[in-house]
Structures are given as structure tokens and as C-alpha cells.
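Number of protein chains: 2
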Amino acid sequence: MVDVARLAGVSQPTVSFVVNDRRDVSVAPETRRRVLDAARALDYRPNRSAQDLRMSRSTVIGVVTNGIASLPFAGQTILGIQRAAKKAGLVCIVVDTADDPDDSDAAVTSLVDRGVAAIVYASPSTRPIRPSMFASATDTVFTNCWPSTEFPASAVILPDEYQGGRDVARAVFARGHRHVAYLGGTAQEWASVERGRGFVDAAAEYGVDPSETTTADGLYTTDSGYDLTREVFAQSSPTAVLCGNDRMALGALLALRDLGRQVPADVSLTGYDDQEFLAGELRPRLTTVALPFLEMGYRAGEIACSGAGATGGEPEMVPCRLVERESVAAVRTTDR
Amino acid sequence: MVDVARLAGVSQPTVSFVVNDRRDVSVAPETRRRVLDAARALDYRPNRSAQDLRMSRSTVIGVVTNGIASLPFAGQTILGIQRAAKKAGLVCIVVDTADDPDDSDAAVTSLVDRGVAAIVYASPSTRPIRPSMFASATDTVFTNCWPSTEFPASAVILPDEYQGGRDVARAVFARGHRHVAYLGGTAQEWASVERGRGFVDAAAEYGVDPSETTTADGLYTTDSGYDLTREVFAQSSPTAVLCGNDRMALGALLALRDLGRQVPADVSLTGYDDQEFLAGELRPRLTTVALPFLEMGYRAGEIACSGAGATGGEPEMVPCRLVERESVAAVRTTDR
DNA sequence: TTGAAAGCGCTACCAG
DNA sequence: CTGGTAGCGCTTTCAA
Numbered sequence: 001m002v003d004v005a006r007l008a009g010v011s012q013p014t015v016s017f018v019v020n021d022r023r024d025v026s027v028a029p030e031t032r033r034r035v036l037d038a039a040r041a042l043d044y045r046p047n048r049s050a051q052d053l054r055m056s057r058s059t060v061i062g063v064v065t066n067g068i069a070s071l072p073f074a075g076q077t078i079l080g081i082q083r084a085a086k087k088a089g090l091v092c093i094v095v096d097t098a099d100d101p102d103d104s105d106a107a108v109t110s111l112v113d114r115g116v117a118a119i120v121y122a123s124p125s126t127r128p129i130r131p132s133m134f135a136s137a138t139d140t141v142f143t144n145c146w147p148s149t150e151f152p153a154s155a156v157i158l159p160d161e162y163q164g165g166r167d168v169a170r171a172v173f174a175r176g177h178r179h180v181a182y183l184g185g186t187a188q189e190w191a192s193v194e195r196g197r198g199f200v201d202a203a204a205e206y207g208v209d210p211s212e213t214t215t216a217d218g219l220y221t222t223d224s225g226y227d228l229t230r231e232v233f234a235q236s237s238p239t240a241v242l243c244g245n246d247r248m249a250l251g252a253l254l255a256l257r258d259l260g261r262q263v264p265a266d267v268s269l270t271g272y273d274d275q276e277f278l279a280g281e282l283r284p285r286l287t288t289v290a291l292p293f294l295e296m297g298y299r300a301g302e303i304a305c306s307g308a309g310a311t312g313g314e315p316e317m318v319p320c321r322l323v324e325r326e327s328v329a330a331v332r333t334t335d336r
Numbered sequence: 001m002v003d004v005a006r007l008a009g010v011s012q013p014t015v016s017f018v019v020n021d022r023r024d025v026s027v028a029p030e031t032r033r034r035v036l037d038a039a040r041a042l043d044y045r046p047n048r049s050a051q052d053l054r055m056s057r058s059t060v061i062g063v064v065t066n067g068i069a070s071l072p073f074a075g076q077t078i079l080g081i082q083r084a085a086k087k088a089g090l091v092c093i094v095v096d097t098a099d100d101p102d103d104s105d106a107a108v109t110s111l112v113d114r115g116v117a118a119i120v121y122a123s124p125s126t127r128p129i130r131p132s133m134f135a136s137a138t139d140t141v142f143t144n145c146w147p148s149t150e151f152p153a154s155a156v157i158l159p160d161e162y163q164g165g166r167d168v169a170r171a172v173f174a175r176g177h178r179h180v181a182y183l184g185g186t187a188q189e190w191a192s193v194e195r196g197r198g199f200v201d202a203a204a205e206y207g208v209d210p211s212e213t214t215t216a217d218g219l220y221t222t223d224s225g226y227d228l229t230r231e232v233f234a235q236s237s238p239t240a241v242l243c244g245n246d247r248m249a250l251g252a253l254l255a256l257r258d259l260g261r262q263v264p265a266d267v268s269l270t271g272y273d274d275q276e277f278l279a280g281e282l283r284p285r286l287t288t289v290a291l292p293f294l295e296m297g298y299r300a301g302e303i304a305c306s307g308a309g310a311t312g313g314e315p316e317m318v319p320c321r322l323v324e325r326e327s328v329a330a331v332r333t334t335d336r
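Just so you know, the sequences run in chain order A and B.
Residues in the first sequence are numbered from 1 upward in steps of one, following our numbering.
Residues in the second sequence are numbered from 1 upward in steps of one, following our numbering.
Everything labelled a hint here was simulated from the structure, so no lab data went into it.
Facing chain A, from chain B, some residues (calculated, C-beta under 7 Å):
| id | residue |
| --- | --- |
| 1 | Arg45 |
| 2 | Gln82 |
| 3 | Asp113 |
| 4 | Gly115 |
| 5 | Arg283 |
Computed beta-carbon distance windows for the label pairs:
| id | chain 1 | residue 1 | chain 2 | residue 2 | range |
| --- | --- | --- | --- | --- | --- |
| 6 | B | Asp103 | A | Trp190 | 35 to 41 Å |
| 7 | A | Asp103 | B | Ser11 | 34 to 40 Å |
| 8 | A | Gln262 | B | Glu326 | 22 to 28 Å |
| 9 | B | Arg130 | A | Thr311 | 41 to 47 Å |
| 10 | B | Asp103 | A | Thr333 | 49 to 55 Å |
| 11 | B | Arg40 | A | Asn47 | 28 to 34 Å |
| 12 | B | Ser11 | A | Asp37 | 43 to 49 Å |
| 13 | B | Pro152 | A | Glu314 | 50 to 56 Å |
| 14 | B | Pro210 | A | Gly280 | 33 to 39 Å |
| 15 | A | Ala28 | B | Leu36 | 52 to 58 Å |
| 16 | A | Ala187 | B | Ala265 | 31 to 37 Å |
| 17 | B | Arg130 | A | Ala187 | 48 to 54 Å |
| 18 | A | Thr311 | B | Glu30 | 45 to 51 Å |
These stretches of chain A come out as covered by chain B in the derived footprint (C-beta under 8 Å, 3 or more residues):
| id | stretch |
| --- | --- |
| 19 | 113 to 119 |
| 20 | 278 to 292 |
Just so it is clear, the structure is predicted and the values come from calculations on it, not from any experiment.
Note that CB positions come from ideal geometry on N, CA and C, so glycine has one too.
With the hints as extra help, turn the sequences into a complete structure.
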């Protein structure tokens, strides 16, 4: 900046005024032109960090995540946060903690020491996480997770798994299915119980008697979907199977094929997650529900960039979108 | 820092010396203790950005990527870069450009303006990308991509797709298969041609006549794998099918099941990518090759953090690891 | 309308 | 061994 000033024959603060295009101080058009020319000639670019330091502000937000690498869809969250940040002229430092609380503390410390404007915690699977107390002085928003202890969060953003579970079940019941199997995922997880509640309520809506449905809890794996499906069909013959996630649905699809049943002609099938490179590529393409990672991330980013401060309000629920593809068909009247 | 100094009754530079634990200047143990106590009492943490500014260095590296959200494995790269950075006490700002060159320029500019120590370009699919000229003054390393124009790169890190393609083919030929089908992915892509070269060389190694193998080019999609498999089996009966990636292998598996062929009893099957939540979860679990995203990212991070400067050397090839699971079996002697 | 001086939080280099 | 002073690149008074 002093180089530019020297070349333009003005003082250094003057350069600051013109490059920042400040309306409140007026500088002569001629001077301004000289400064601009000099800046261009020297290929001058202001130093953002120095600006931040001087203005005692920060234009970076920190995102701490566990397992950006371990789940295929986590990238969506980061992308969403980043898009919101970009809109506000901020930038994201992301650190991944290997799910180790000490690591997490270290990560947050390094962020706080850099004076980030806000911190967003992002988790691939919805669950409580222990926030670092180092962060308590900084605006903090949680997306797809919530603080496991008392903590002054600015916001917590959660997917509406209940609504998603209900919507996908409705899509099945609405096509006349009564005898349906519900293959749930890991029973302890919050998402699982929410999805399950959605199923139960949808069944009730359509006047389906609980005795007609069969429910089994498993794991969120392809194997689990495969095994559960074979078990269920050994006992009965549901016309639809709803799975806790897409991988279980893949397992169910494989099992159904081995059982000689066509999907969706013989039995309808649904998943959950809309896992990229999977759900949309199965044969038949899977009807499922998409988790709103991008939206949640974007929302989290917006809040983080707004500097709203701790609110202590209710979690903000972001809707899950039903993705109807080809794996659900109307029940055959003979099966009804 | 001045607060700490005041509380400890020393000068501010003295605080700097003790909190930075500098051996070259000696401070009296008693003074040191007083400073430490004061720092603790005030919960003092040095400001990294201010340190960076004063020392005219930077402890952040920028990573620009296109599509961290679009491919499931991209996160691995970021994680690798970050692990290397962490080891060196640095931190990563990551920006995603929606594959838009203007966006990419803007991203790089914002990074450069922040004075990042280095920039690493990371791409989910291996290919040339246009680097921003704004970056040319900063150390730049390319991982899973290379500059499409003359550019002073510090390094380019590439997966050894040739070796991967060769290894997986070897695993098949070594089990006695002669009549094998090779279902390639998008023919224009660098990775595809490398994998194809590997296949051809492996076939030659095992003395397999080109006329015995059947090769078809498709797309990297499940549908393509499905369709190609049906086409191939309409004409002939290979004992093994090698696919360009895991999704094609999934399509092939589905087609084979529809054709009444068991994998691997009747036909062996391989993929490529070791796609998480897919390859390892199919039935049978897929033999495939893992792309070394984590390693490539780590290596890129190491170089970026080392401040080596432009080298202009050859690309650094990182080996692809063959992952042998259950989808390949020895050819039946009757088929031989 | 412009320039001189101060200071963001820190480290480097002197003198004492 | 410690304190004063200068300065990283910038913005913000305030006086001229």
C-alpha cells in the first residue's frame, strides 16, 4: 500500500480510502484515478488478514466436523455452509476430528486462536456431541447434531426425520399396501426412532392395523437388509418393504431377487438417504427420502455469518424431501 | 498480552518470550512463573493471525476443489490434506468452485488475498484443470488433476490407475480365466485409458489372446454396466467380467442375477474405486481397487506445507491398492 | 481534500 | 536478564 501511495504521489491512507471505495471521505477524481492506476500497475491486492486484524473482526468461520471422509454425503453440508459464507464474503476453515473429544478440543482451540467469527459443528449422523468449552465465547451453531451438555448455542439445525419417515410410508400406504414390512435401522439412533414414529403415524392415518405390519430392527447395512428380508419372507409375504436406509434397501433388493420376487411388480421397496451413486442407480431406481444436507449446511452458514449470538430456542427442523422413483407400485388387487 | 504483562508486572515482550517458550532468550524462573500464572488467570491465548502478520508468514493453506459434494470419496482427499497440515501446525481453508472457471478464479483470489502459504487443487475425477493465474506466485500442488496450461506447479499427484487396472486384471487371470469381458468406463477419460492399458498388459502377461477377451466401452454408471453385461452375454459366455468402476459392477451383478448366473461361482466380477458403502457391502463383496485419495491428499498436504516451490518434475504416482474380496473365484475346469 | 499519527496483537532488535 | 522501540499491512481518528 505504501508502494502504491508512493507511485501515485499520495499518502498511504488516501490509497486505503480509494481502494475501499469509501463514500464518506471524498477524494478528488484526479487523485483517485492516479491511485487506481498505480494500484493496477503494481498489481496491488489488499491483505485480508491485516484488514481483519486492524478492524478487530474476522472474515472466517470455522467448521468442525467428525467424519467428512467417512460418510459420502457429508460434503454437501460443507458445501452448503460454504455457499452461505461466500455470499457474506466469508471463508471456511474446516477441521475434521477423528471423533476424538481431545482432537475436537484441539481443533476448536486452533479455530478460536485464529479468531474465527463463528464455529459450526457438523456431524454426518444425527446425534448429540460434546462441544468444546473453548468455543463458548464464540457463536456456535450445530448442524445435524446438538450439544450434549448445557451450551450457549446460536442454533441447532436438524433434519425432520419424522416427516421424512411419514412421507415415504404414506407413499406406500397410498398405493393400497396393507401388509408391509418395516425394516428399521440401528434402534438407538435418534434418526431411527423418528423415522419409525413417522411410519407408525402414517399407518394409523391409513387405518392399517398394527397386526398387519411386521417390524424388524437391524443395522444400517446391506447385509442386515438382506438377512432381515429373508427372515420376514420366511414367515409371511408382505407386498411392500420399507427400509431404514438405502443400503438396507439394496440388501432387500438382492434378497428379493434371490427369492424370485420382482420389484416393484411383486413387492414395493423404499429406502432412506437418497445416497448418491446408489439410490438413483439401482434397478429399479429407488424411491427414498433425501436428507437436506445442503440446505442444513446453508442455513447453518447463514446463522454463523449473521453473528446472531446464542438464542437457546428450539432446534430448527429442515424438511426431508421424498424422492419418488420406480420401486413403489400400486398393490395388486389380488394381494389386497 | 499487555494485560498479562501488567498483571505479571513485566513488559509485554517478556510475556511474548515466555508464552512462546523461547530458548534463545533467557528469562528468570521467577519471572516466567509470574507470567505463566498471569496468563492462566486471564485465560490468555495468543492470536495466531497477529503472529502470522508480524512474522510475514502464513499458517493456512488453501484448498480449492470442484465438487467436494458431488463425489463420495472427495472427502478423503480433504482429510488427507488436513492431516498433513495439522502435523505441520497449519490449517486449511477449503473452497469449492462449482466447476466454473470464473468461480475458481474468485476462489483463488480470495485465498491469495488472505496470504495462504500454498494452494492445493483437488479434483474428484482425474483430469486437467485450468489453474488461476492469480495463484502463480503461490506454491501450488495439484492432486488428482494437473494444470491444463503451462504453470509453475510445486507438484502434481496422480493415482497409478495403470497399475491398479493391471493388478485387478492379474487377480482374475491368475485364477485361470481366459475368456473375460472388460467393460470400460467413459473412453475419453485419462483414468479409463490407464486402466485399459493395465488390462491389456496383464492379459499379455498371462498369454491370453486378444481374441479371447471381449472389450466394451460404456459410461461409469450402473445402467451402463447392466446393459453392457446383457449385450456381452447375448453373444458369448465369459467366465469373468471386469468393470470400469464399482457402479458398473453393481449393474453387472444385477444383470447376472437376472441372467441366472451366480457370482462368483459362475462368473467372477470386479469393480474399481472401492466405493464406500457399496463395494464392501455387495453380495458377494466386490473385489475392486481402492483409489488412494487419503494418501494423495496427505502427500499433497505435505508438499504444500513444506514450501518447496515449483519443481516442474514428473507427476508423483501414488499406487492404487487391490482389494480382494469375494467376487472372484478360480475358473471352473469345465469352463477352461 | 489530504496527510500525520495512532494502533489492531504480536515479534524482533536493540540498549541497558 | 529485561525494557524500550520499531514495524508487519492495514484503518481511523484528527489537524492542516
